[in-house]
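> Spelled out from the first residue to the last, the chains are:
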Amino acid sequence: MALNPPEQLRFDLSIIASWIKPGARVLDLGCGRGDLLAWLTQHKNIQGTGIEQNKEKAAACIGRGLSVLQGDLRDEVQDYPDGCFDVVILSQTLQQVYQPDELLKSLARIGKQVIVSFPNFSHFSIRLQILFKGQAPKSNELPYSWYDTPNIRVITLADFRKFSKEVGYTIVKECAINTHDQERHGKIVSIFSNLRATYGLFLIET
Amino acid sequence: MLKVSKETFSYEVTEDSQLLDSGIRLSPITIAYETLGELNEARDNAILICHAFSGDSHVAGFYEDDPQESNPGWWNFMVGPGKGINTDKYFIVCCNILGSCMGSTGPSSINPKTGKPYALDFPMVTIGDMVVSQKQVLDHLGITRLHSVIGGSVGGMQVLEWCVRYPEMVKSAIPIATTMRHSALAIAFNEVARQAIMVDPNWNKGDYYQNPGPDLGLAVARMIGHVTYLSDEAMRRKFGRKRQDNKDFSFNFEANFQVESYLRYQGSKFAARFDANSVLYISKAADYFDLADKINTRESLQDLQGSHSKFLVISYTSDWLYPTYQAKELVQALKRTGQDVSFCEIEADCGHDAFLIKDSRLTNLLEGFLDGIEPS
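From first to last, the protein sequence lines are chains D and L. Heads up: the first sequence is residues 0 to 205, going by numbering that gives the first Met the number 0. Heads up: the second sequence is residues 0 to 375, going by numbering that gives the first Met the number 0.
It should be emphasised that the hints constitute simulated quantities derived from the structure, not laboratory data. The beta carbon of each residue, even a glycine, is placed where N, CA and C say it ideally should be. No false leads were slipped in.
Pairs of lysine-lysine residues, derived as DSSO-like cross-links and limited to a Cα-Cα distance of at most 27 Å, are as follows:
1) K327(L) with K104(D)
2) K82(L) with K56(D)
3) K54(D) with K327(L)
4) K309(L) with K54(D)
5) K56(D) with K357(L)
6) K327(L) with K111(D)
7) K43(D) with K56(D)
8) K20(D) with K309(L)
9) K357(L) with K54(D)
10) K111(D) with K309(L)
11) K237(L) with K54(D)
Some chain D residues well away from chain L (every beta-carbon gap over 12 Å; in silico):
12) W18
13) I129
14) T169
Take the sequences, apply the hints, and build the full model.
Okay, structure coming up:
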């Protein structure tokens, strides 16, 4: 099979990959060109499926032998039977979807576990920009202006913990990291994570 | 260049288990087929390609008696050494469908009881009957497992039928620009085509083989069909309102527009090569086809060991005969029953026939998907 997985995954994806058990049934939402799925297929022998809106990226995934559906993830997650995946991954997309609470509910229905990651909006550099410049902040993780951003909502690690508690999700694993968008290296942040982490990753169950 | 030859396989239908879906016994049955590449020792590298409505077994390459190479196979850009469906790796089989007129038994074949062509005595055949006859050819070739079954349009219907009838034989399936069942729109176009043939006086209730056939009706039927295979965008790009030979309007009913002239040409070209009764039979088989209920049940798509086929569903943005929503319905049904399915809509303005036009995106999809199917 010409999977051609990358030698090394992006730092945040490598943490997600470390949470996935060998042989698991995995659904990767917004799977891009399928690097994570290809890596997991090669190294953990998973049964992977991806969903990708972009036709060219979805075709690239299928062309490397991955099972991928081209379509809108909000529609595509509707058709699966309950609990048909061990893990559903929503990586760096939560900040871009309408009705994220509904989406997470669907994901918790079709997957036994859900992994969610997003840029942390309460990083100190963002707080300082609002405090001193009084403008919508930009960062390496959130590089857009207010008028052209695909990120329609802002989420902090503290927000997600509170939300999980309220809707009854159990946070099984949590990891705050400090890395830049496309980097293969990064650091795990364990102290004052809401202030210092650029991304948060959560493994939740219902 | 790749040389191929048309073979035939004939068999008698003696057992009741081999009756047509209509319950009628059709015997003998001859199926024309062509093969490319070599069947490997493990006999696990065979791919069946199913042709569309008016296609034939000549999927790729050139015939021995065609030194000018004027007659390439209908999917020559896709199938061959080093191509998307690589004949260096795979053994390709393509059968002419039952009911057609390109070497397989159909209404123009001789009825052994009368010594004359069957005409309307030919029984109604279904997509299922076509698939059963293809299975006979594979049995004859000693193939028990297919690496993949691939086909577009009516060929895609055969692909789906294969997955339901013989799930134990199908490791993967690629239905392209197809549907689980015809919409009213698709049935309507087919009915207009059938009526165009049947109102031609030369049709003579199907009994025309000794006389000039219903060529005019058949040409009109093809004109209708051809429009459904194109798209608004493609016709705008190709013809727009361009005049034939740049002439002014003639103020009569000559073909003033290029699109008129083009359709007339396509119609008469088709009438010269295809049997009108075959159009009636095949179009009816396509209209009768309905696998929605079967694909919605898990059991019908798995073999006795419970293993499933891997699917790649492909649709085209400008296909208005089998639009993407119908491909999505198929994908939904496959997802609900837990099948391993991939789907991609290809952006193309050529309409339903886009899968017959060279496009590296389709080639890459097929090549990568076929490579990803693990050997048994």
